[in-house]
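**Student:** The lines below spell out each chain.
Number of protein chains: 2
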Amino acid sequence: MNNFNWDTSFLVDFDLHTGESKTSEVTKRYLSQMKNMFSDTEAVEKILENEDPVIYEFHELGFPEEAGHIAFGTSIVHPGTIGNEYYMTKGHFHTILETAEVYYTLSGEGYMVMENPEGDTMEVPLRKGEVIYVPKRYAHRSVNTGNIPLVMFFSFGAEAGHDYGTIETKGYHKLIVEENGKSAIVDNPHWK
Amino acid sequence: MNNFNWDTSFLVDFDLHTGESKTSEVTKRYLSQMKNMFSDTEAVEKILENEDPVIYEFHELGFPEEAGHIAFGTSIVHPGTIGNEYYMTKGHFHTILETAEVYYTLSGEGYMVMENPEGDTMEVPLRKGEVIYVPKRYAHRSVNTGNIPLVMFFSFGAEAGHDYGTIETKGYHKLIVEENGKSAIVDNPHWK
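Heads up: the sequence lines are chains A and B, in that order. For the first sequence, my numbering begins at 250 and goes up steadily by one. For the second sequence, my numbering begins at 250 and goes up steadily by one.
Looking at chain A on its own, in the form it has when it is part of the complex:
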């Protein structure tokens, strides 16, 4: 948590097109940190021999994980593929499952890939100028299927917390891959 006092008002800049922010902290996720999340592990290893690309980044403030506060920030998923799988975020459940989240797409296109603990899945296309509602109980991952960064502004109840471990262990039921130059939703052959 940084120096902002969440009991008073403050301002944070987020560029309405790029999502960049001078005020908040940036966290970058490199391919080496997501090795086991992409389906084509051979493609991952081959890329990592030469470089370690940034897959996505987010700009946010540290925030108090307490009910009544609203956490917010931007996420930027870069364009690209690993094998035939598009760049994406790790994705996570909320620790408090019964909490929703709102994402407003500022630029780019892609999919929000969601699933709940019962295994129900949803893949919803993302377009600039649309808000997607991620309902309670659904893990969510954003996938960039376009040629420019997928930029979204997000907000959620600050008490929600993040559970990345479940997805890291089990993966998602569905993958978004490039087939004949177009995006396609396919079953994950490695789902556990």
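These are computed hints drawn from the structure, not numbers from a lab. Take these hints with a grain of salt, some might be off.
[Claimed, not checked] Straight-line alpha carbon distances no greater than 20 Å define the calculated SDA-like cross-link-like pairs of lysine to any residue that follow: (1) B:K271 to B:F307; (2) B:K295 to B:K271; (3) A:K377 to B:L260; (4) B:K377 to A:F259; (5) A:K284 to A:D301; (6) B:K271 to A:R376; (7) B:K271 to A:D301; (8) A:K377 to B:T330; (9) A:K423 to B:S258; (10) B:K284 to B:E358; (11) A:K271 to B:K339; (12) A:K377 to B:K295; (13) A:K377 to B:S356; (14) B:K339 to B:G378; (15) A:K271 to B:E306; (16) A:K423 to B:T257; (17) B:K377 to A:T267; (18) B:K377 to A:T272; (19) B:K277 to B:S258; (20) B:K339 to B:E358.
[Stated by the list, open to error] Going by beta-carbon spacing under 7 Å, a handful of chain B positions derived as facing chain A: (21) L260; (22) H318; (23) L346; (24) E347; (25) T348; (26) A349; (27) V351; (28) V373; (29) G378; (30) Y382; (31) K385; (32) H439; (33) W440.
[What the hints assert, rightly or not] From the derived model, a few chain B residues whose C-beta atoms are all more than 10 Å from chain A: (34) M283; (35) P302; (36) E306; (37) R376; (38) K377; (39) P384; (40) E417.
Note that the Cβ used here is the ideal one computed from N, Cα and C, for glycine as well.
Using the hints, position chain B against chain A.
**Tutor:** Just chain B now, with coordinates in the frame of chain A:
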């Protein structure tokens, strides 16, 4: 509450510049509905003899007032003055005082005018591309001091609720007025 099922995912369009939305409902606030909120009641009556201008509007979905959901939408405050006081929203406390709100300015400029039940006041300038954090316990009103609409995307915990009555009865401690072609923060002579 409209037809959206908040237990599943859905998409809502909000123009990133104008705040307009085809998917959600629009609510317009006319001057006749805000008669007693502007300081210069003679100016109000004079305008209403000829016309009843829209002061502001908001686009949102009806939403379940329950913890875990996130309510969201856009507000559009039109440019103009009543006497020397700029167009503004009614402003409100949350019924559950201990809940914050986030506003992301998409277009225009102005002030967020805030005060808590103890009478502490804050007036924070709004600029395109900045998020303002409205902390727990603070009533909030947005004021358009520019020549174009002040457009903001907002989100808050859906359980928060709205208390408009306190502000309608008591007013705000501070007003934002035009003085010599510039905006100024002054004490409200009518505050009760």
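**Student:** Check the non-interface label on E417 of chain B: least C-beta distance to chain A beyond 10 Å or not.
**Tutor:** holds (23 Å)
**Student:** K277 of chain B and S258 of chain B were given as a pair; does the straight-line alpha-carbon distance stay at or below 20 Å?
**Tutor:** violated (27 Å)
**Student:** Between K271 of chain A and E306 of chain B, does the CA-CA distance stay at or below 20 Å?
**Tutor:** violated (31 Å)
**Student:** Next pair to validate is K377 of chain A with S356 of chain B; report whether the Cα-Cα distance is within 20 Å.
**Tutor:** Status holds; Cα separation ~16 Å.
**Student:** Hint check: K423 of chain A vs T257 of chain B, CA-CA at most 20 Å. Holds or violated?
**Tutor:** holds (17 Å)
**Student:** Restraint: V351 of chain B near chain A, CB-CB cut 7 Å. Satisfied or not?
**Tutor:** holds (5 Å)
**Student:** Would you assess whether K377 of chain B, listed as outside the interface, keeps its beta-carbon beyond 10 Å of every beta-carbon in chain A?
**Tutor:** The assertion about K377 of chain B is violated, with a minimum of 7 Å to chain A.
**Student:** Could you grab the alpha-carbon distance between K284 of chain A and D301 of chain A and see if it respects the 20 Å cut-off?
**Tutor:** holds (10 Å)
**Student:** Would the hint linking K377 of chain B and T267 of chain A be met if the CA-CA limit is 20 Å?
**Tutor:** holds (14 Å)
**Student:** Need the status of pair K339 of chain B, E358 of chain B: alpha-carbon distance at most 20 Å?
**Tutor:** holds (17 Å)
**Student:** Verify the interface restraint on E347 of chain B: the C-beta must sit less than 7 Å from at least one C-beta of chain A.
**Tutor:** Cβ of E347 of chain B sits 5 Å from chain A, so the hint holds.
**Student:** Against chain A, is W440 of chain B within 7 Å by beta-carbon distance?
**Tutor:** This hint is violated: W440 of chain B lies away from chain A, its Cβ roughly 20 Å from the closest one there, beyond 7 Å.
Figure legend: structure checked against the earlier numbered hints; hints not met, in rising order: 2, 7, 8, 10, 11, 12, 14, 15, 19, 23, 32, 33, 37, 38, 39.
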